[in-house]
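We have chain A already, so just place chain B on it with the hints.
There are 2 protein chains.
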Amino acid sequence: MSRKKKGIDAERDLIHKFWGTGKWCALRTAGSGSMHFPAPDILASNIVRKVAIECKVTKDDKKYFPKDEVKQLKNFSEYFGAEPWIAVKFFRTSWFFLNIEDLRETKKSYVINKRNAILKGLSLKEFIGEGFE
Amino acid sequence: MSRKKKGIDAERDLIHKFWGTGKWCALRTAGSGSMHFPAPDILASNIVRKVAIECKVTKDDKKYFPKDEVKQLKNFSEYFGAEPWIAVKFFRTSWFFLNIEDLRETKKSYVINKRNAILKGLSLKEFIGEGFE
Chain A
9 MSRKKKGIDA ERDLIHKFWG TGKWCALRTA GSGSMHFPAP DILASNIVRK VAIECKVTKD
69 DKKYFPKDEV KQLKNFSEYF GAEPWIAVKF FRTSWFFLNI EDLRETKKSY VINKRNAILK
129 GLSLKEFIGE GFE
Chain B
9 MSRKKKGIDA ERDLIHKFWG TGKWCALRTA GSGSMHFPAP DILASNIVRK VAIECKVTKD
69 DKKYFPKDEV KQLKNFSEYF GAEPWIAVKF FRTSWFFLNI EDLRETKKSY VINKRNAILK
129 GLSLKEFIGE GFE
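As given, the protein sequences belong to chains A and B, one line each in that order.
As numbered in the working numbering, the first sequence has no gaps in its residue numbers, which increase by one up to the final residue, 141.
As numbered in the working numbering, the second sequence has no gaps in its residue numbers, which increase by one up to the final residue, 141.
Calculated directly from the structure, the hints in this document are not laboratory data.
Check each hint, because a few of them may be wrong.
Identical copies look the same in the list; a pair holds intra-copy or inter-copy alike.
[Claimed, not checked] The calculated BS3-like cross-link candidates involving lysine-lysine, where the alpha carbons are at most 27 Å apart (straight line), are: (1) Lys25 with Lys58; (2) Lys31 with Lys58; (3) Lys116 with Lys133; (4) Lys31 with Lys75; (5) Lys115 with Lys58.
Just chain A, same shape as in the assembly (with noise of 0.2 Å):
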């Protein structure tokens, strides 16, 4: 499998997780052709929330996000009025979901290892969960 399609895999994966909940619904954006404008991976709300979330699946221990992109998720959310996260799912591990705060910068990318998004990031249940509405 591409790495392409396992990501569109992974995206769909989380927005049937979120239909599931019956409480959140969730959509898939596509790309804007040569424009650029910045959008999240996943856009998705409750009766009271709106995230945007980049969503990323990796086999190494650690995931890179460019500078760029973060930037753009950052600048999205704040025009749409929604919440910025950060979702990453490593190998034979569930998704973690991160603040922009919980990656540590580097030069030009962020980054989180599989050990600090264990410790530092929120399962989806804890996600969108009731301790959340």
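Same frame as chain A, now just chain B:
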């Protein structure tokens, strides 16, 4: 150019126009594969409004919208907390923004003809303009 490509180009045209206002952001949604969760073609937002738009281009003098499509637009909008809108562009006209109530209901579809679109529809400028903020 294929019909699908023309549709995507039309959506991109609208996205571009929303961003061009400096006050709106907008994104195209991607299909959710075999899952068929409801999603509008475009989701746009300014500081106070969120709008879900089903948009269509036609060379005919009328445009049909299958009932299921309209129902999905309503459902999604209710879940997401957005206003449901129809955007339609006829041959050599600009975009018209219509409420679902402006469409005429037939047995299997909703339909709008060019004449009624011109009479009842808002121009893009009216839709995103100062009168609505």
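Hints, one by one, checked against the model:
{"no.": "1", "hint": "Lys25 with Lys58", "verdict": "both (16 Å within a copy, 23 Å between copies)"}
{"no.": "2", "hint": "Lys31 with Lys58", "verdict": "both (12 Å within a copy, 19 Å between copies)"}
{"no.": "3", "hint": "Lys116 with Lys133", "verdict": "neither (32 Å within a copy, 40 Å between copies)"}
{"no.": "4", "hint": "Lys31 with Lys75", "verdict": "between (32 Å within a copy, 24 Å between copies)"}
{"no.": "5", "hint": "Lys115 with Lys58", "verdict": "neither (30 Å within a copy, 36 Å between copies)"}
In summary, the structure is inconsistent with hints 3, 5 from the numbered list given earlier, while agreeing with the others.
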